[in-house]
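Number of protein chains: 2
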Amino acid sequence: MTLPSPLRIEPIAGYSPTIGRLVGMLTYARSTTLLAVDGLTLAELDHVHDAESNSIGALLAHIIATERSYQVLTFEERLLSPQENERWSSAVKLGAHGRPSLRGSPLEHYLEELMAVRRASLETLAARDDAWLERTVKPAPSLNAHWVWFHVAEHEIHHRGQIRWLRARLPKHNLRDR
Amino acid sequence: MTLPSPLRIEPIAGYSPTIGRLVGMLTYARSTTLLAVDGLTLAELDHVHDAESNSIGALLAHIIATERSYQVLTFEERLLSPQENERWSSAVKLGAHGRPSLRGSPLEHYLEELMAVRRASLETLAARDDAWLERTVKPAPSLNAHWVWFHVAEHEIHHRGQIRWLRARLPKHNLRDR
Chain A
21 MTLPSPLRIE
31 PIAGYSPTIG
41 RLVGMLTYAR
51 STTLLAVDGL
61 TLAELDHVHD
71 AESNSIGALL
81 AHIIATERSY
91 QVLTFEERLL
101 SPQENERWSS
111 AVKLGAHGRP
121 SLRGSPLEHY
131 LEELMAVRRA
141 SLETLAARDD
151 AWLERTVKPA
161 PSLNAHWVWF
171 HVAEHEIHHR
181 GQIRWLRARL
191 PKHNLRDR
Chain B
21 MTLPSPLRIE
31 PIAGYSPTIG
41 RLVGMLTYAR
51 STTLLAVDGL
61 TLAELDHVHD
71 AESNSIGALL
81 AHIIATERSY
91 QVLTFEERLL
101 SPQENERWSS
111 AVKLGAHGRP
121 SLRGSPLEHY
131 LEELMAVRRA
141 SLETLAARDD
151 AWLERTVKPA
161 PSLNAHWVWF
171 HVAEHEIHHR
181 GQIRWLRARL
191 PKHNLRDR
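Residue numbers (my numbering), protein chains in the order written: chain A, 21 to 198; chain B, 21 to 198.
Since the hints were derived computationally from the structure, they do not count as laboratory data.
By construction, the Cβ of each residue, glycine as well, lies at the ideal position given by its N, Cα and C atoms.
Hints are not guaranteed to be accurate.
What the hints assert, rightly or not - Subject to a maximum C-alpha distance of 27 Å in a straight line, what follows is the list of computed DSS-like cross-link-like pairs (lysine-lysine): (1) K113(B) <-> K158(B); (2) K192(B) <-> K113(A); (3) K192(A) <-> K158(A); (4) K113(B) <-> K192(A).
Said to hold, decoys possible - Partial pick of chain B residues on the chain A-facing surface, computed with a CB cut under 7 Å: (5) L27; (6) M45; (7) T47; (8) L163; (9) G181.
Bound conformation, chain A alone (with noise of 0.2 Å):
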């Protein structure tokens, strides 16, 4: 993934001309959660704001869980298995569904699976042409595949304003000295 993306959506080489629009979407969205979390403690990814709040790291794990999701979804059209619903449930469902066990774990963690789980999805991407892209999802019909991975930056986007919004509130004694 390059970074910084350029401020420009259009062809990538390697994709097909509509695949590489989106990839510049799916890279922009990517690299603003990266600078959103830049430099973040375990203790400040582990922050929780108040009853209700998910904490940074959390949000991450959900972006992560949300897009390979989304690759089983489109790429091996099918639903999740009764496996990964349980290995992904919490990092899914969030809340106090998911806080216990969504702790514990430092930047370079999320950083790698962000990174792993990205690679995946450019590698196929790269393998699939645009008329696949506009494709039904066959095991989701009313959504395309075009609409799929739009949501995947979508909603990566969503909680990246949730992020920021819980970075600019975080304890003064969690924060780094600089």
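Following the hints, put chain B in place on chain A, whose structure we already have.
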């Protein structure tokens, strides 16, 4: 604007193909904003969560002003005039600067403004073609028009993430009886 937006991104009649896909994204993002503020009272729109927070109404004004300023940038190919800067600065800058003036409007006001600014965007987008969409924005040559209009959706989604978070924490006594 047709609502609810279908969960497909594909060419739309009346627009060139890539512009149509973009309009699908803009329309989907807008439909989720409208759902996020549906039924809010004036007191709820003006409620300020903490000393640093923008009200939901102020965030809607910000979404509206942002779309307007990007219309000027890409459709008229110029920066905002001093008069426009003055008129829109509260909504563009938000925070302590904008708080005193961005209150006292009912939901209908914001919905009308959202509709009006979007109608103008769609009318102009319908008159442009995909070559225009990919062209560099003259007053901001690091951007192309496609990025700007993706960013209009992206920026709205970012703040919708915050609106949903804030809505879930509105004081109970402000909630209407339903």
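(message) Of the numbered hints stated earlier in the document, which are not met by this structure?
(response) Numbers 3, 7, in rising order.
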